[in-house]
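*Asks:* Chain by chain, the residues run as shown.
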Amino acid sequence: MMRALTAITAREFAGYFTTPLAFVFIIVFLLANGLATFYLGAYFAMGQADLTSFFMFHPWLYLFFLPAISMRLWAEERRNGSIELLLTLPIPLTAVVIGKYLAALAFSALALALTFPIWLTVNYLGEPDNGVIFASYVGSLMLAGGYLAIGSCLSALTRNQVIAFVISVVVCFLFTVSGAPLVLELFDGWAPQALIETLAGFSLLTHFRAITGGVIDMRDVMFFATLIGVFLMATVIVVDMKKAEGA
Amino acid sequence: MIEVEHLVKKFGDFTAVNDLSFTVARGQVMGFLGPNGAGKSTTMKMITGFLRPSSGTARIMGMDICDHMLAAQRHFGYLPEGAPAWPDMTPRAFLQFITQIRGLDKAAARAAEARAIEMTELHGVLDQPIDTLSKGYRRRVGLAQAIVHDPDVLVMDEPTDGLDPNQKFQVRRAITDMARDKAIIISTHILEEVDAVCGAAMIIDRGQIVAEGTPSALAARSRYSGTVTLTLAHEQLPAAQNLLQNINHRSAELVTRGDESTLHIFAADGTEPGALLADMRAAIGAAGLAPRALALETGRLDDVFGALTGKARPAAAPFHATGMENDKGAAS
Numbered sequence: 002m003m004r005a006l007t008a009i010t011a012r013e014f015a016g017y018f019t020t021p022l023a024f025v026f027i028i029v030f031l032l033a034n035g036l037a038t039f040y041l042g043a044y045f046a047m048g049q050a051d052l053t054s055f056f057m058f059h060p061w062l063y064l065f066f067l068p069a070i071s072m073r074l075w076a077e078e079r080r081n082g083s084i085e086l087l088l089t090l091p092i093p094l095t096a097v098v099i100g101k102y103l104a105a106l107a108f109s110a111l112a113l114a115l116t117f118p119i120w121l122t123v124n125y126l127g128e129p130d131n132g133v134i135f136a137s138y139v140g141s142l143m144l145a146g147g148y149l150a151i152g153s154c155l156s157a158l159t160r161n162q163v164i165a166f167v168i169s170v171v172v173c174f175l176f177t178v179s180g181a182p183l184v185l186e187l188f189d190g191w192a193p194q195a196l197i198e199t200l201a202g203f204s205l206l207t208h209f210r211a212i213t214g215g216v217i218d219m220r221d222v223m224f225f226a227t228l229i230g231v232f233l234m235a236t237v238i239v240v241d242m243k244k245a246e247g248a
Numbered sequence: 007m008i009e010v011e012h013l014v015k016k017f018g019d020f021t022a023v024n025d026l027s028f029t030v031a032r033g034q035v036m037g038f039l040g041p042n043g044a045g046k047s048t049t050m051k052m053i054t055g056f057l058r059p060s061s062g063t064a065r066i067m068g069m070d071i072c073d074h075m076l077a078a079q080r081h082f083g084y085l086p087e088g089a090p091a092w093p094d095m096t097p098r099a100f101l102q103f104i105t106q107i108r109g110l111d112k113a114a115a116r117a118a119e120a121r122a123i124e125m126t127e128l129h130g131v132l133d134q135p136i137d138t139l140s141k142g143y144r145r146r147v148g149l150a151q152a153i154v155h156d157p158d159v160l161v162m163d164e165p166t167d168g169l170d171p172n173q174k175f176q177v178r179r180a181i182t183d184m185a186r187d188k189a190i191i192i193s194t195h196i197l198e199e200v201d202a203v204c205g206a207a208m209i210i211d212r213g214q215i216v217a218e219g220t221p222s223a224l225a226a227r228s229r230y231s232g233t234v235t236l237t238l239a240h241e242q243l244p245a246a247q248n249l250l251q252n253i254n255h256r257s258a259e260l261v262t263r264g265d266e267s268t269l270h271i272f273a274a275d276g277t278e279p280g281a282l283l284a285d286m287r288a289a290i291g292a293a294g295l296a297p298r299a300l301a302l303e304t305g306r307l308d309d310v311f312g313a314l315t316g317k318a319r320p321a322a323a324p325f326h327a328t329g330m331e332n333d334k335g336a337a338s
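Protein sequences, first through last, are from chains W and C. If you count the first sequence from 1, position 5 lands on 6 in this note's numbering, and the numbers rise without skipping. If you count the second sequence from 1, position 250 lands on 256 in this note's numbering, and the numbers rise without skipping.
One should not assume that every hint holds.
[Unchecked claim] 30 Å max Cα-Cα, derived DSBU-like pairs, lysine-lysine:
(1) W:K243 x C:K141
(2) W:K244 x C:K16
(3) C:K16 x W:K243
(4) C:K141 x C:K174
(5) C:K141 x W:K244
Don't read these hints as lab results, they were simulated from the structure.
The task is simple: from the sequences and hints, build the whole structure.
*Replies:* Shown next, in the form of structure tokens:
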């Protein structure tokens, strides 16, 4: 099981780098990060030695970048027929789902790690709280994990990568904005407080903001772990259902 | 060995596979014949656990594919329809991935890969991405993947599709070589392939078995089985017509192709085809006719295939020994 899982993850991860697309993706991701931080986030004007204006844009950047990674996870296998090979090899379906997911997560982690110059910059310019920055990086990776798990499940539903991308963006968007002040204010005043809290509780944004505040609370970690677990389980179920349908 | 029991697959209202049962023993190569859409691939997808049967099941080496899927999957190699692979991988990396998944240890894996590469003659392309390879090479990469772990059971969906005649010959020889200690199922729509490699064959149509047996037994079901075939040049036809007048036979049919005419002569009821052949031979000798061929037909698989799957070719024109004009140019 472990050996098969490692093999799947390694194959999948190496697959990202066989085309220049991976490098283009990383470069564009880093550029977008820089632009967001320095222009939208007014990093210098803030005059603060922290990375708040860097991390605050991650949910919105991930919203478009990560579905681009996850869209191919299953849709591509289905389109080129290799799914038939993959599912007739003696590996548990769970191992295939997790193995593919881990490869996507590792790729995102690599892209995230390559933002390290901004960490060097902030340390050169001032004396930031590196504990908070570390927590924020962890939070950002968990956020990425959440988006990718959602994307994995939706990619399993179709053989068309574009459809997988669009649906993933929409669903991830819903899971994000449900915690945005703009949306919560709509409910404020007339909806019961419990509903608003539940809504906000389902938002990746709420939990991400809590972690980037500098505190890795177990409840937030549990939220991301549960979200990822549920969507990976859903991926297994979707792939398995397609075996009965024969689609 | 492979045991298939009452396999059924329905897609909505459409029944793709309808109550299929058969077994393939070790040492046997079973040929799966049928027109496109007959259910060949669907059956293979169910046997290998890619599709879940609507009902019924298959067992691989005694392991139920529905209840013990992984255990069953360890025992077979599978070449899916179209020989899919990951286009960005090289054949070398692809085979290494498969041996790793199959759990071979390093030394055994390298030996197994070398053997599979040898059998499928992939030496020249080992380090080229699979999507840059020709169709024939891609098929052989798929084959190498299926046999790399030396499985007890092989399931191959159209293993020679897209290969040139030499490669077809090599693949068939490889299958025959491996057949001794394996149970093998191949699907094909090439009838000569069944003759070449299969000890048993099954014709399926609309999800059901319409005929099964050895290829020669199946061929013997042809209506031409037991006829005498006389092939000659067009201008010799009148002579043949005269000659047939004096021979005891039931009827004859004419097929023209190119510059030749072929007569299928049916023996009279209650007489042996061999006797007819002897009569014909004697008469031809007496008349000084030099036909291109004269033989006893043992039957042709494509006739049987066409007749059973409802796509029989147009019948040959009746050929009357007396009093009829034969327009030799018209039929084709």
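*Asks:* Now tell me if each hint is right for this structure.
*Replies:* Evaluation of the provided hints:
no. : hint            : in the structure
1   : W:K243 x C:K141 : 28 Å, holds
2   : W:K244 x C:K16  : 12 Å, holds
3   : C:K16 x W:K243  : 13 Å, holds
4   : C:K141 x C:K174 : 13 Å, holds
5   : C:K141 x W:K244 : 27 Å, holds
Every hint from the earlier list agrees with this structure, and none is contradicted.
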